[in-house]
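Student: One-letter residues, chain by chain:
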Amino acid sequence: AQRVTQPEKLLSVFKGAPVELKCNYSYSGSPELFWYVQYSRQRLQLLLRHISRESIKGFTADLNKGETSFHLKKPFAQEEDSAMYYCALSAGAGGTSYGKLTFGQGTILTVHP
Amino acid sequence: EPEVTQTPSHQVTQMGQEVILRCVPISNHLYFYWYRQILGQKVEFLVSFYNNEISEKSEIFDDQFSVERPDGSNFTLKIRSTKLEDSAMYFCASKRARLAGGTGELFFGEGSRLTVL
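Respectively, the protein sequence lines represent chains A and B. So in the numbering used here, the last one in the first sequence is 113, and the numbering has no gaps at all. So in the numbering used here, the last one in the second sequence is 1117, and the numbering has no gaps at all.
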């Protein structure tokens, strides 16, 4: 079974402060991990995926298989980063789940001026 | 940039009524999904659809739910007899096949909010 846990429902930081949104997962195979973001009144959109190892809008996330974590980090938060962030897991290319994503509960990030 | 579109954006219905939510996935995508999000809860997988058939469904997706791709462009979710607990935001998503250069990324629509009274 696939499970994604985001322990923080709400996270508040001040502009310029570092931010880390936690994500832990449970899956027996080799998963693909994603971070999706939902800005106010907008659709869910992909922020980044672990296989591309890219940095988007200053955010990075490293897959730690030992700790089964995929925490999202940004060294200096901006007000425009305020949004709902979802960690999601897919069974990966070898899986049979046809790309089904399992989402965490989401973390509402608020960046104060 | 192509987008997944959903209609209606909001529907209010009486308990027991049938509801059809419509989605137009991105045109060269081959995998289609419905998810729902009850207010305050996580986004939950309902069903995936590939090659004109359901490929996977969750335990939420019971006999009251059905999906269809009637004309090669639309992808619909039908709820036969709505219940109060069906009130939620329903998201459609689509994905391109890996062999066609796709990745694991799902592209989501803006959602259809269903309110059952």
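Hints listed in this document are in silico derivations from the structure and should not be mistaken for laboratory results. C-beta: ideal position from N, C-alpha, C; glycine also. Hints may be right or wrong, so weigh each one.
Non-contacting residues of chain A with respect to chain B, defined by C-beta distances greater than 12 Å in every case (computed) [unchecked claim]:
| id | residue |
| --- | --- |
| 1 | Q6 |
| 2 | K22 |
| 3 | S26 |
| 4 | E32 |
| 5 | Q38 |
| 6 | R41 |
| 7 | S55 |
| 8 | K57 |
| 9 | E79 |
| 10 | M84 |
| 11 | A88 |
| 12 | G99 |
| 13 | G104 |
| 14 | H112 |
Dumping the calculated BS3-like pairs for lysine-lysine here, alpha-carbon to alpha-carbon at most 25 Å [unchecked claim]:
| id | chain 1 | residue 1 | chain 2 | residue 2 |
| --- | --- | --- | --- | --- |
| 15 | A | K9 | B | K1042 |
| 16 | A | K9 | A | K57 |
| 17 | A | K22 | B | K1078 |
Beyond 12 Å from chain B on every Cβ pair, some chain A residues (computed) [unchecked claim]:
| id | residue |
| --- | --- |
| 18 | G16 |
| 19 | R43 |
| 20 | S52 |
| 21 | T60 |
| 22 | D62 |
| 23 | G66 |
| 24 | F76 |
| 25 | D81 |
Student: Now tell me, hint by hint, if it's right for this structure.
Tutor: Status of the hints after comparison with the structure:
1. Q6: 9 Å, violated
2. K22: Check passes; 15 Å lies beyond 12 Å.
3. S26: At about 15 Å from chain B, S26/A clears the 12 Å cut-off, so the statement holds.
4. E32: Violated, since 5 Å does not exceed 12 Å.
5. Q38: 9 Å, violated
6. R41: 9 Å, violated
7. S55: Label holds. Min Cβ-Cβ 17 Å, cutoff 12 Å.
8. K57: 16 Å, holds
9. E79: 23 Å, holds
10. M84: Nearest chain B Cβ is 10 Å from M84/A, so the label is violated.
11. A88: 8 Å, violated
12. G99: 5 Å, violated
13. G104: 7 Å, violated
14. H112: Label holds. Min Cβ-Cβ 23 Å, cutoff 12 Å.
15. K9/A with K1042/B: Given pair K9/A, K1042/B holds - Cα atoms ~11 Å apart, limit 25 Å.
16. K9/A with K57/A: Holds, at roughly 22 Å.
17. K22/A with K1078/B: Status violated; Cα separation ~36 Å.
18. G16: Given that every Cβ of chain B is farther than 12 Å from that of G16/A, nearest at about 30 Å, it holds.
19. R43: 5 Å, violated
20. S52: Check fails; 8 Å does not lie beyond 12 Å.
21. T60: It holds; T60/A is separated from chain B by about 18 Å at its closest Cβ, greater than 12 Å.
22. D62: At about 17 Å from chain B, D62/A clears the 12 Å cut-off, so the statement holds.
23. G66: 22 Å, holds
24. F76: 26 Å, holds
25. D81: For D81/A, whose nearest Cβ neighbour in chain B is about 20 Å away, the distance exceeds 12 Å, so it holds.
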